[in-house]
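Below are the chains, spelled out letter by letter.
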Amino acid sequence: MTETFAPVTRFAVPGRIEVSNRAAAEWQTATLTEVRRETPHASTFRFAVPAWQGHLPGQHLMLRLTAEDGYTAQRHYSIASPPEDSGHIELTLDHVEGGEVSGWFHKVARAGDAVEVRGPLSGFFAWPGDRPALLIGAGSGVVPLMSMVRHHRARGLSVPLRLLVSARSPDELIYARELGAETTRVFTRSAPQGVPVGRMAAAHVAPLLAAPPEGGWEAYVCGSNAFAEHASRLLVEAGQPVDRIRIERFG
Amino acid sequence: MNVTRGFTGRPRVLDTGLPPGQYDAGDDWPVLSAEVTPELSPADWTFRVDGLVDQPRTWDWDEAHALPASAYEGDIHCVTSWSKFGVRFAGVSLDAFLNVVRPHGSATHAVAYSHTGYTTNLPLADLTGGRAWIAWEYDGKPLPAEHGGPARLLVPHLYFWKSAKWVAGLTLLDHDEPGFWEQNGYHARGNPWEEQRYSGD
Ligand SMILES: Cc1cc2nc3c(=O)[nH]c(=O)nc-3n(C[C@H](O)[C@H](O)[C@H](O)COP(=O)(O)OP(=O)(O)OC[C@H]3O[C@@H](n4cnc5c(N)ncnc54)[C@H](O)[C@@H]3O)c2cc1C
Numbered sequence: 325m326t327e328t329f330a331p332v333t334r335f336a337v338p339g340r341i342e343v344s345n346r347a348a349a350e351w352q353t354a355t356l357t358e359v360r361r362e363t364p365h366a367s368t369f370r371f372a373v374p375a376w377q378g379h380l381p382g383q384h385l386m387l388r389l390t391a392e393d394g395y396t397a398q399r400h401y402s403i404a405s406p407p408e409d410s411g412h413i414e415l416t417l418d419h420v421e422g423g424e425v426s427g428w429f430h431k432v433a434r435a436g437d438a439v440e441v442r443g444p445l446s447g448f449f450a451w452p453g454d455r456p457a458l459l460i461g462a463g464s465g466v467v468p469l470m471s472m473v474r475h476h477r478a479r480g481l482s483v484p485l486r487l488l489v490s491a492r493s494p495d496e497l498i499y500a501r502e503l504g505a506e507t508t509r510v511f512t513r514s515a516p517q518g519v520p521v522g523r524m525a526a527a528h529v530a531p532l533l534a535a536p537p538e539g540g541w542e543a544y545v546c547g548s549n550a551f552a553e554h555a556s557r558l559l560v561e562a563g564q565p566v567d568r569i570r571i572e573r574f575g
Numbered sequence: 118m119n120v121t122r123g124f125t126g127r128p129r130v131l132d133t134g135l136p137p138g139q140y141d142a143g144d145d146w147p148v149l150s151a152e153v154t155p156e157l158s159p160a161d162w163t164f165r166v167d168g169l170v171d172q173p174r175t176w177d178w179d180e181a182h183a184l185p186a187s188a189y190e191g192d193i194h195c196v197t198s199w200s201k202f203g204v205r206f207a208g209v210s211l212d213a214f215l216n217v218v219r220p221h222g223s224a225t226h227a228v229a230y231s232h233t234g235y236t237t238n239l240p241l242a243d244l245t246g247g248r249a250w251i252a253w254e255y256d257g258k259p260l261p262a263e264h265g266g267p268a269r270l271l272v273p274h275l276y277f278w279k280s281a282k283w284v285a286g287l288t289l290l291d292h293d294e295p296g297f298w299e300q301n302g303y304h305a306r307g308n309p310w311e312e313q314r315y316s317g318d
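Those protein sequences? They're chains A and B, same order as listed.
The numbers in the first sequence follow my numbering, run straight up by one, and end at 575.
The numbers in the second sequence follow my numbering, run straight up by one, and end at 318.
Read the hints as simulated data drawn from the structure, not as lab findings.
Just so you know, these numbers come straight off a predicted model, no measurement behind them.
Treat the hints with care, as some may be off.
[As the list claims (entries may be wrong)] Pair by pair, the computed Cβ-Cβ distance ranges are:
| no. | chain 1 | residue 1 | chain 2 | residue 2 | range |
| --- | --- | --- | --- | --- | --- |
| 1 | B | 134 | A | 392 | 33 to 39 Å |
| 2 | B | 312 | A | 495 | 38 to 44 Å |
| 3 | A | 504 | B | 180 | 54 to 60 Å |
All C-beta atoms in this analysis are idealised placements derived from N, C-alpha and C, irrespective of residue type, glycine included.
Only chain B is shown next, with the shape it has when bound in the complex (with noise of 0.2 Å):
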């Protein structure tokens, strides 16, 4: 252990939830994208599943709403150490999506992209089971902008760059294939728990 003189840091309180490397952001939601807010109206955004599935589809904003609801309360965690406890998103679970498409059983892994072109790679064990959603509310609002709006990929149970904003669709594959900062040194998965942030941990 490599002790910092004269380092306390804020004081402790044992087991607060927190993922290990992260600090409580309270009210703060940081915004962390490396491109230009994108100008998109819910009338623009569609949302797409193809790759290995039997029947790809895109889903317009009014079709996607008329999937059955689900809604998210819990904690999020992002890489660059803060975590959000007890938010709460509304959209529609992604198993409502992947039931209609019918994944081939080869498929393993999905890119995620954006209507702006970011990408980011996930496990498909780690989209299905109720543990990811098509996000378009956050706090009972139309969820903004900056935040991904009108709607993002939510994934909470793995580091927040995994959420793509501005969703536009999941290619399903039977291979993994490195995303936007996947590419740029960022780990494969991302779990927070295991603090999986960079390749190599």
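Excised from the complex, chain A in its bound form (with noise of 0.2 Å):
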């Protein structure tokens, strides 16, 4: 006798997105064509892949180095790029002291550098631009966001749309200039005359939640565990169903 599994509680799995299983299981190479310095500590590196068969905002890949003697070092990568930008993706990488792939972005990758690649991986944290969307980073954790809104950007899409970010400062601010209307900026350790200094706090993302859009917000939190861990903290506080928050921490 067959038994089908319903499980018991409320954290539903999201089921309409699909992956590609087959794109997420080869490698493919990603050719670098332009590197885009965003902050004192942060890349963009833009790469050609010809093959790649597309993503949604919020998804993630795999790269992979490789060194003369076949050593291999792979990391995750949220896409910061746009799907609209297709036969390209761009990922900002942060220069992590002693990172051994951050690294080497920084230090040795110039144009014409070939890296591997596979995915996009995760339809879990993809936003396909259908609900209204709270985007809430910090640091590189603004990256797979960016993705969403410059998708929403693109297609010119009245979804709404909001974005809070939190950087130490205004010059670590990443995609500063790219930053519109829909993003409010928190500053944890300088800012400019006449902004506050401190945390992200109740007091940013209560009035969000005050007048939340028709059918509510999906929200989306990304950044380091600490800052995921606060983040969806406030927002079960203000009332966001936990069931409508998606993280994605880097670790």
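Build the complex: two chains, separate frames, hints provided.
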């Protein structure tokens, strides 16, 4: 006799996003075409990936570097570019002190270099542009959220979208020039004159949840684990349902 | 082989005990869950085993702690590429729970689920024979909530997404049924030594 399993609980698997398993299983060559500095510690790396099958904003990929003796290092990186940028992907990497992979990117990589990628991966954190989206990120956690913002703009979507970003200071804010009226900025160490300095707090989140769009927000939280814990708790305290909070933790 | 220009990587130590594609996270224990960490107290925690068994049963915290204690000391491996050596967990072997419910001969797989609704599938053979635990202590202290406390499943020979945090139960089945990450493109079994990361590996 076969029983079908039905979970007892509230945390729903979205199920609405298809992930191509074949694409996720195959390594492809990505050729670096451009490096753009974003902040003193982060740069964007643009790649040509001609056979890239596309992705949904919010997805990540696996990247692999190979040394001459066959040693490999692989890491996950969120995709910063929107799906509209077809045949290309952009990643934005923080320079982690002593980091094996981010260190190579920041110190060695130049246009023309080839690396390997597989993906896109994980449909869970993806946003197809269908529901109102409340995006909360800190540091490089803004990367997958920027793909969503760019997608929203490229498509001229009218579905509500708001972005809350936290950075140490204005010059550490990734994509600063691109952020617009949809964005609330929070600075934890230093801020422009007249702007308060401090952690993201209930006061930043509450107004957005006090006036949610029809059908409510789908919330996406991304950053370090400490930030993800803090921000997701603020959301729950402000009344956001737990089953409509998606979290991507960079470790 | 696609050598990356100018990439040498860290100095290599031969036979490190690391599965292919993994690195040693040292003292770090990254947290990788897609959910809000639940506030679940031991008093609210329960663990159920049902499906293809003679005697479905639910244990509460004290009942589970009355089963014979069993510890794991060894390594753990996360699909995101980090491994952690020589970690110590304490709890109860899953065999102790299964002995009570008596699985049917037709049971081949299980779905583990958490108090939050997270699911992951496992062949039953990966859960028996002293290879899986319900763990509530890490390094001699209560398991922290962000790592699955008060209690999580522990299946250290598979990638760690199989070790469901905040575990609430197991349903035994006569077929394989993909769980949360498996429906999102991850491998059905997840053996780190064979690098079974994504579906198709
Ligand atoms: C889903 C996901 C998405 C992500 N997206 C992004 C993104 O968009 N942008 C981004 O910047 N990051 C992202 N990350 C993080 C990224 O995957 C890497 O963890 C990060 O780039 C660091 O890798 P690394 O190789 O540079 O550093 P690692 O070599 O892994 O080192 C990390 C830290 O550990 C120390 N360390 C580890 N091992 C050793 C050793 N043997 N010797 C000395 N020191 C050591 C290093 O000094 C450093 O402080 C993401 C992570 C996940 C899981």
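Okay, the hints, checked on the actual structure:
no. : hint                        : result
1   : 134/B <-> 392/A: 33 to 39 Å : 24 Å, violated
2   : 312/B <-> 495/A: 38 to 44 Å : 40 Å, holds
3   : 504/A <-> 180/B: 54 to 60 Å : 56 Å, holds
Comparing the model with each earlier hint shows a violation of hint 1 alone; every other hint is respected.
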